[in-house]
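Number of protein chains: 2
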Amino acid sequence: MIDKFEIVGLIAAILTTSAFVPQVYKTWKTKSVENLSLTMYIIFFIGIMLWLVYGIHINSISMILANVVTGFLALVLIFFKLKYKNDIQK
Amino acid sequence: MIDKFEIVGLIAAILTTSAFVPQVYKTWKTKSVENLSLTMYIIFFIGIMLWLVYGIHINSISMILANVVTGFLALVLIFFKLKYKNDIQK
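Chains as they are written, first to last, in our numbering: chain A, 3 to 92; chain B, 3 to 92.
Treat the hints with caution; some may be incorrect.
Which copy is meant is left open, because identical chains are indistinguishable; a pair holds if it fits in one copy or across any two.
Unchecked claim - Keeping only pairs whose Cα atoms sit at most 25 angstroms apart, straight-line, the calculated DSS-like set for lysine-lysine is: (1) LYS31 with LYS87; (2) LYS6 with LYS28; (3) LYS33 with LYS87; (4) LYS31 with LYS83; (5) LYS83 with LYS28; (6) LYS33 with LYS6; (7) LYS6 with LYS85; (8) LYS87 with LYS6; (9) LYS6 with LYS83; (10) LYS31 with LYS6; (11) LYS87 with LYS28; (12) LYS28 with LYS85.
In case anyone wonders, no lab produced these hints; they're calculated from the structure.
Given only the sequences and the hints, what does the whole structure look like? Please build it.
Here's what the structure looks like:
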């Protein structure tokens, strides 16, 4: 049913998605956001949404899963950046 | 020749790839790496290499381009993290 390259895609999805977890955790814990680029995360988020459209079109379960979760994590980092930036008033 | 969803993929590739450029530039300029997670970039890089394998398999020019360039940028950030971490001795 699921070919071996779909397994590669699923592992890729888990790795690139979970790569954001340490950054989210670190940012949440330290509340230090001055080295995170807001521009980066906004551009990235838009790109992820387009990858999601692409993934749906080619019917790739790996791409759909990866981009839904990564998009959510990118939104969390954008939220942190805006929240902690205002807290520090820097 | 190239369908409209491949255009979506190419725009997605440009956005998610160029999203790394501000971070690379900011890190190069400030030499400040303490808020960048080395774990994140190593896991991310491995994931990107697997997406590249997947992209080659499904013959997606968008995915191949995106993952070659993003993989290179992730390597640059890993290099900065290791280099500036040692410089600061923190």
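- Item | Intra- versus inter-copy proximity for LYS6 and LYS33 (alpha-carbon distance at most 25 angstroms) | For LYS33 and LYS6, the Cα distance exceeds 25 angstroms both inside one copy (41 angstroms) and across copies (41 angstroms).
If the cutoff is 25 angstroms on CA atoms, where do LYS6 and LYS85 land: within, between, both or neither? Let me know, please. Close neither inside one copy (42 angstroms) nor across copies (38 angstroms); limit 25 angstroms.
Practice problem: At 25 angstroms max between alpha carbons, let me know whether LYS87 reaches LYS6 within a copy, between copies, both or neither. | Solution: Cα proximity of LYS87 and LYS6: none, with 44 angstroms in one copy and 39 angstroms across.
- Task: Indicate which option fits the pair LYS31, LYS87 if close means a Cα-Cα distance not exceeding 25 angstroms: within, between, both or neither.
- Result: Intra 14 angstroms, inter 20 angstroms, cutoff 25 angstroms: intra and inter.
Intra/inter-copy verdict for LYS28 and LYS85 if alpha-carbon distance must be at most 25 angstroms: Both, since 15 angstroms and 21 angstroms are each at most 25 angstroms.
With 25 angstroms as the alpha-carbon cut-off, assign the pair LYS83 and LYS28 to within, between, both or neither.
Both. Shortest intra-copy (12 angstroms) and inter-copy (16 angstroms) distances satisfy the 25 angstroms Cα cut-off.
*When no copy is named, should LYS6 and LYS83 be tagged within, between, both, or neither for a Cα gap of at most 25 angstroms?*
neither (39 angstroms within a copy, 34 angstroms between copies)
If the cutoff is 25 angstroms on CA atoms, where do LYS87 and LYS28 land: within, between, both or neither? Let me know, please. Intra 15 angstroms, inter 17 angstroms, cutoff 25 angstroms: intra and inter.
Between LYS31 and LYS6, at a C-alpha cutoff of 25 angstroms, which is it: within one copy, between copies, both, or neither?
neither (38 angstroms within a copy, 42 angstroms between copies)
Within a copy, between copies, both or neither: which one fits LYS33 and LYS87 at a CA-CA cutoff of 25 angstroms?
So LYS33 and LYS87 pass the 25 angstroms test inside a copy (9 angstroms) and across (20 angstroms) alike.
Alpha-carbon proximity between LYS31 and LYS83, which holds within one copy, between copies, both or neither at 25 angstroms: both (13 angstroms within a copy, 20 angstroms between copies)
Query raised in the report: Which holds for LYS6 with LYS28 at a C-alpha limit of 25 angstroms: within a copy, between copies, both or neither?
Result: neither (34 angstroms within a copy, 39 angstroms between copies)
In terms of the numbered hints stated before, the structure departs from hints 2, 6, 7, 8, 9 and 10, listed from lowest to highest.
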